[in-house]
Amino acid sequence: MGRKLPMHKAISEAISHEMEKNDSIFVMGEDIGVYGGIFGATTGLLEKFLD
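Numbered according to UniProt numbering, the sequence shown spans residues 1 to 51.
Be aware that one or more of the hints could be misleading.
As the list claims (entries may be wrong) - Taking lysine-lysine and the BS3-like style, the derived pairs with C-alpha atoms no more than 25 angstroms apart in a straight line are:
hint, residue 1, residue 2
1, Lys9, Lys21
2, Lys9, Lys48
3, Lys4, Lys21
Claimed, not checked - Pairwise CB distance ranges (calculated):
hint, residue 1, residue 2, range
4, Ile38, Glu18, 18 to 24 angstroms
5, Ala14, Val34, 32 to 38 angstroms
6, Ala10, Glu47, 25 to 31 angstroms
Quick caveat, the hints were computed from the structure, so don't treat them as lab data. The beta carbon of each residue, even a glycine, is placed where N, CA and C say it ideally should be.
Use the sequences and the hints to build the structure in full.
Structural data, given as structure tokens:
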């Protein structure tokens with residue numbers, strides 16, 4: 001059986017995983033950078049992938 005994660009953590013891990021595999025993927029929207037999105041699903045991605 002897989003791990004149990006809160007939805008925002010699962011989304012964050014999935015986005016991060018795909019961005020690591022493919023450098024043409026990007027995330028676009030309001031408050032997703034510094035604020036980590038409304039539910040925190042993009043928290044840490046800015047620091048991890050900022051060029």
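Okay, the hints, checked on the actual structure:
1. Lys9 <-> Lys21: Satisfied, since the Cα-Cα distance of roughly 18 angstroms is no more than 25 angstroms.
2. Lys9 <-> Lys48: Cα-Cα ~15 angstroms, so holds.
3. Lys4 <-> Lys21: Holds: lysine 4 and lysine 21 sit about 23 angstroms apart, inside 25 angstroms.
4. Ile38 <-> Glu18: 18 to 24 angstroms: About 20 angstroms separates the Cβ atoms of isoleucine 38 and glutamate 18, which means 18 to 24 angstroms holds.
5. Ala14 <-> Val34: 32 to 38 angstroms: Between alanine 14 and valine 34, where Cβ atoms are some 21 angstroms apart, the hint is violated.
6. Ala10 <-> Glu47: 25 to 31 angstroms: violated (20 angstroms)
Taken one by one, the earlier hints fail for this structure at numbers 5, 6, listed in ascending order.
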